Amino acid sequence: MDITAMPALTLARMIKEKKISAVEITKEQLKMIKLREPLYHAYITVAEEEALAQAKEIQMRIDAGELADSPLAGVPMAVKDNICTKDIKTTCASKMLSDFVPSYDATVMERLKQAGAIILGKTNMDEFAMGGTTEKSYFGPSGNPWNTTHVPGGSSGGSACAVAAEEAFYALGTDTGGSIRQPSGYCGITGIKPTYGTLSRYGLIAYASSLDQIGPMGRNVSDCAVILEIIAGHDPKDSTSLNRQDKDFGNALVGDVKGMRIGIPKAYLRESIDHEVYESILNAVKIFEKKGAIVEEFDLETIEYALPAYYVIACAEASSNLARFDGVKYGYQTMQFEDLQDLYQKSRREGFGSEVKRRIMIGSLVLSSDYYEKYYKKALKVRSLIKQSFLKAFDQYDLLLGPTSPRTAPKLGENAKEILKAYQSDMNTVSVNLAGLPALSLPCGMAKNGLPIGLQLIGKHFGEKDIIRAAYSLEQTVGYVRPTTLLNEVGKEDLL
Amino acid sequence: MKTYETVIGLEVHVELSTKTKIFCSCSTEFGGEPNTQCCPVCTGMPGTLPVLNKQAVEYAIAAGLALHCEITRYCKFDRKNYFYPDLPKAYQISQLYLPICRNGYVTIRSKNGKKTIGIHEIHMEEDAGKLIHADAGDCTWIDFNRCGVPLIEIVSKPDMRSTEEVIAYLEELKRTFQYLGISDCKMQEGSFRVDINLSVREAGAKELGVRTEMKNLNSFKAIARAIESESKRQISLLENGVQIIQETRRWDDSKEISIAMRSKEDVRDYRYFPEPDIPPLCIHEEWISEIRNRQPELANEKVERYQKQFGIPAYDAAILTSDKYLAEIFEDTVALCGKPKEVSNWIMVEVMRLLKEYEMEAAQIRFTPMQLANLIAMLDSGKINRPVAKEVFEQIFKENVDPEEYVALHGLGMVSDDSVLRSVIEKIIHDNKQSVSDYRSGKAKAFGFLVGQTMKEMKGKADPTKVNKILKELLDQKEYT
Amino acid sequence: MITKEMIRRMANSIKLAVTEEEEQKLAEDLKIFINYIDTMDKLDTSGVEPMTHVHNIENVLREDVVTNQNNREALFRNAPMRQDQFIIVPKIIE
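Chains as they are written, first to last, in the numbering used here: chain A, 1 to 496; chain B, 1 to 481; chain C, 1 to 94.
These are computed hints drawn from the structure, not numbers from a lab. The structure presented is a predicted model; accordingly, all values stated were derived computationally and were not measured. Check each hint, because a few of them may be wrong.
For lysine-lysine, the following DSSO-like pairs were computed, each having C-alpha atoms within a straight-line distance of at most 30 Å [what the hints assert, rightly or not]: (1) Lys114/B x Lys461/B; (2) Lys247/A x Lys54/B; (3) Lys25/C x Lys377/A; (4) Lys91/C x Lys374/A; (5) Lys42/C x Lys95/A; (6) Lys374/A x Lys4/C; (7) Lys91/C x Lys421/A; (8) Lys421/A x Lys4/C; (9) Lys130/B x Lys91/C; (10) Lys130/B x Lys86/A; (11) Lys76/B x Lys377/A; (12) Lys91/C x Lys377/A.
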């Protein structure tokens, strides 16, 4: 088996046991990246020199015994390009930041570095995290490793692609309305969006401040749980970060779901869902039931209002968060301008893609004094009701279950024309962000078209351990499947 | 001929004297090298987040308590969105919906007696950077040092009717904040900024007229001039049947006119919405009590105490406490020399005179209470006389000299040896026989002349009291012819 | 309700120059979007408090201690237009 196909924890153990060094594996991984990038385009920036230098340094620390307690020391990983990495270009897949090099690390990066992670590079995404396919990237889309004529999903599509295509052992993504879970589902990997506030947002280039969270994406539940444990925690630089005492997510890796009450919101199994996806979910439900969980459908009230509320709130916050990109302090500046207003207008018009501009417009509209009450304030009230709805559901159930997306990954170019169609594919995931709940996506089957199907588990606030436990249990039966494209790869022999 | 009434409301921005900025740990010190007191947070770098300064909140609450406001128990921050190069995030974190203090008042004294000026609200916000427009060349420089300095904005009700009331209100605010120690309120350093909202209406009318807002007022004198000018302008427009446009006007003090700023500025929609990066503030009663208990002695309390403890009359006490720094100098000097009435005199007469002459604020005084106390001691012990003391004090004020050294250096000490004085007076008498006989024939003026001549001869280094005494003694002795 | 003029005005206030074509497309897109979000009207939210923060945290405060230092060069390294110690913009006439 390719060494780069290994789960992160397995690799880490091998490194600890001195069966392979951090430098060796980094070199291997970089080779694979070179081989596969022309096909999949998972990365915007591959930081080859930096990664090798880091690998050397980390190996020294390992040899000195410093990282004995670090479960993922020496493992090379990838970072979504909206998370600031010191001295490595951070572009948000936008022309606006195509040359931006931050002089500071995001807090989660500091923690990973301390734990001995090796950063291979920055992964592709939809511009400023606005989108669900990576087709909105200024640098062109990524391909789904299962079938490159299909999208990997988004906005953390590059991260999902890198993990599934074995171009990184794990990756960080961000999730505002499903951007970790949906691409994880489309690419057949596992991704977790933690409870809002679990991870620091300092250094995450904001899309929607009250919805954004960073999260792990890996090839199995264990990897993700351990990554989450490393990066979670209060940050004095982020006023919305929580002081959680229950961060030992690794302890939830037990396969026992006996007596767990699992609810399936009926709205998740509505007509528009793809038949194979439906079958796959039912199959997973049977597995859970066999293992002793109690599963039933129920009505999750107000859920149908989640999408409009989400878009109002996300676009509103985004319109404000992206106002700082004005061509003056950093980022893209237009070449010719007559005066300050001209500089602003042209830099933003040329620096932002059309989806970003559209969402900024929507956001400005719903915040304008004429519409504030009707749309923005209303959406905040709807949000409150949605949270209450979930709280009520969690009185009855330990976790909720449903398909991550109503269908498998669409073809490239499929959703381009109609804005609503593109937005509606988020319907299963956005309500979770509105309520600030934790959620996980893991693969639960394959469709006949050869594309993976993802299952979503939603926990109550701070309920990561429940969803990790259930996911781990399901994974024992369903397992992890490598993309068939990797099994039939050409050109590898020349490299190795 | 109609009579008009001018109606004025003020928005005062006060920089809080916290050590760090409101949302980051950069220094707020005035006068730093450009762009050396800023960080990724206050320069709006991508991915950065604000963290609220506890001291700024406590200062804002202290201000609210001193101005008799209700403290909003549950308050939040909001984003005010607009584009300008001095605003790096393209939004200012401010408070619109739930400001920290509401419904207070200030009592002022004007020629019509006491009056209450209502305070609509006080809210917290962050300051913007500084724009420097290069004279030569085609660019504007941005200095982010001031970005993020904590501000409170005090919005008054439109209760003022004259320049006098406006100045009294501003002086009361200034005095209160200086006493609280929450701001040094130095207009020339920008820590105390005033915007004027002014409208006029026919005397007796109940409705308010259309108001304009005036900015760029950099001194109390400018404020006075601006009020007079705008009042006249609006009245003149109304008299000619012209509608007043609601707009923002920039005051130009050198030309003494106001100019309308581009009107599209006035139709700005700031798209306010609650700040998602900062959790709300829940201000409990215990916290408020703590802050109330920590409040230092305010001006009114000092006025009472000066009267009781030092026997200073109310009027004098009011002047001494008109500025916190004056009051400090007064109290500290009295503590050193134990002569409240003497110190009071020096401050009320000489210090006030010199402050006016050099157009300084008390906060800019350089000399220490020790120097003044020493001067008073020297006067007391007869080392120098009062005219000399006045001269020396001026030097203390201007050049921060040490009185003892200065007197020694310039030989200003009074001649203490009476025999020397006596022989000089004898000489003067001898040399001015006409004056002597004038005096003897009842012309009192001649006595003064002889004193003057003596002082001249002594180069001022004689105690006038002693000169008087000895001169009289010698003149009255019939031995002399 | 959503007109091209409105789009133009908004674009101006958020500093996003748009072409005629873009104005047209945006007006259409926004119309569709507004229709969609109008569905929120069907949900009765009377008496409900608007929710910005998902958890009930409050009073997150920091001590007033200076920790930041002069970092000008690092801060400005991505600035498109600089002059000595400043970032510059085209001259503003007030």
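Tested hints:
Distance hint between Lys114/B and Lys461/B is unfulfilled; the C-alpha atoms sit about 49 Å from each other, more than 30 Å. With a CA separation close to 28 Å, the supplied pair Lys247/A and Lys54/B stays within the 30 Å bound. For a cut-off of 30 Å, the pair hint linking Lys25/C to Lys377/A stands: about 27 Å separates their Cα positions. The hinted pair formed by Lys91/C and Lys374/A fails the criterion: a straight-line CA distance of about 40 Å is larger than 30 Å.
Proximity of Lys42/C to Lys95/A is assessed by CA-CA distance (about 40 Å); at most 30 Å being required, the pair is judged violated. Using a Cα cut-off of 30 Å, the hinted pair Lys374/A and Lys4/C holds, with the two alpha carbons roughly 21 Å apart. As the CA atoms of Lys91/C and Lys421/A are separated by approximately 45 Å, the hinted pair breaks the 30 Å bound. A distance of roughly 23 Å separates the Cα atoms of Lys421/A and Lys4/C; the hinted pair therefore holds under the 30 Å criterion.
Taking the CA atoms of Lys130/B and Lys91/C, the gap is about 14 Å. The hint holds against a cut of 30 Å. Only pairs whose Cα atoms come within 30 Å are accepted, and Lys130/B paired with Lys86/A is accepted, the gap being roughly 28 Å. Proposed proximity of Lys76/B and Lys377/A is supported: the alpha carbons are some 15 Å apart, at most 30 Å. The suggested pairing of Lys91/C with Lys377/A is violated, with an alpha-carbon distance near 39 Å, which exceeds 30 Å.
Figure legend: structure checked against the earlier numbered hints; hints not met, in rising order: 1, 4, 5, 7 and 12.
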